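Undergrad: Listed below, chain by chain, are the residues.
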Amino acid sequence: MLTKNNQLAHLLTGAARNCWLALTEDETRIVGKGDTLEKAVQEAQKNGVEDPVVIWSPKEWYYGVYC
Amino acid sequence: MKKPYKAFPIDDPDPNDPTQREMYLPSFQVRLGHGHGNRSPRFDAIVDSGSPWCIFRADLGRMIGIDITKTNKTYPLGGVISGPRDTMYIHKVKIFVESDWVIEVMAGFVEKLAVTGILGRNGFFTNFKTTFDHSTNPATVEIERFHIA
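Chains A and B, in that order, give the protein sequences. Heads up: the first sequence is residues 1 to 67, going by the working numbering. Heads up: the second sequence is residues 1001 to 1149, going by the working numbering.
Here chain B stands alone, though its shape is the one from the complex:
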């Protein structure tokens, strides 16, 4: 499956291009699932090769019945610059990717994530061969499911 990057707003434009009022990001539409039948609404999750994990806002986890803080797997999550950290709580969830695939991953849940969700290396890139193509405008992201024998 190949999708063009999707445009999201940007309040402070890139100084290299002050006219740009959008940021184009690779994303796929997903739902989260937990247990039997509990599924989240659909949402756009950003494909982020810089993130070691798949991470979602904690509200999404609660909606599918996860007791977010009830886990012994936590991690202090920070951004690319120093600043306040937030605790990431890790739980096993199913991710329904674009109605075509279901993967089961250990994902992080964070209260103060600035985006709805992130598809990171462990869980997403370990299940999909992911290709970013910036030779087109807008750029595209393509995924191909693989299984490690």
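This is chain A alone, in the form it adopts within the complex:
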């Protein structure tokens, strides 16, 4: 069941991988992506989100923190 607490996981599951993503402040929509942090932020700003939340979307989501 989709709840406020797991909607980010749902959003990220189908999102592009191995790149930076920029999200709306409430983390419900992806508004930018790029192979660099700057590109993701710029795309978000073009889409009207001046101060996005950013996240690295890894090739694989797994229980670990190092590639």
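Just so you know, the hints here were simulated from the structure itself, not pulled from any lab data. These figures come from a predicted structure and were not determined experimentally. Possibly wrong hints are sitting among the right ones.
Below 25 Å or equal to it, Euclidean Cα-Cα: the simulated DMTMM-like pairs (lysine to aspartate or glutamate) are [what the hints assert, rightly or not]:
no.	chain 1	residue 1	chain 2	residue 2
1	A	33	B	1011
2	B	1002	A	27
3	B	1002	A	35
4	B	1003	B	1044
5	B	1070	A	35
Since the structure of chain A is already known, use the hints to place chain B on it.
TA: Below, chain B alone, put in the same frame as chain A:
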């Protein structure tokens, strides 16, 4: 401040619970700062008591004006299992935690970190009393700022 653990995706589910498609992790929203005025965008950093340091992807450091490899403080960083290591470059940064606090820490920057950032023992746990509560679902993490006299 108390926050519920946040759900992140998991590609290979826990064999003990194959229906689980999410992993719940303790996190706080932070920004990094360096020098005068250079601040990163906000991002969710994972609270990790197993990490001796606060560690961030190198891209974040470059964005706030840090010349990542220009330091004499480095460390070969590996995971919990043996495998390739990556060099961690250590720099002094400010961490803006949830718009409520600013702490200055010596943090590591790594090119191949699988997450955006980690809040570890030196820097984060040395500034915040941190309580993990798994008696609720989802679990919660609570922090309380303290100052050592």
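Undergrad: Could you run down the list of hints and mark each one as holding or not?
TA: Evaluated hints:
Proximity of residue 33 (chain A) to residue 1011 (chain B) is assessed by CA-CA distance (about 20 Å); at most 25 Å being required, the pair is judged to hold. With a C-alpha separation of about 19 Å, the suggested pair residue 1002 (chain B) and residue 27 (chain A) falls inside the 25 Å cut-off, and the hint holds. Between residue 1002 (chain B) and residue 35 (chain A) the CA atoms are separated by roughly 33 Å; this puts the pair beyond 25 Å, and the hint is violated. With a C-alpha separation of about 12 Å, the suggested pair residue 1003 (chain B) and residue 1044 (chain B) falls inside the 25 Å cut-off, and the hint holds.
For a cut-off of 25 Å, the pair hint linking residue 1070 (chain B) to residue 35 (chain A) stands: about 23 Å separates their Cα positions.
Hint 3 alone, counting from the list given before, is not met by this structure.
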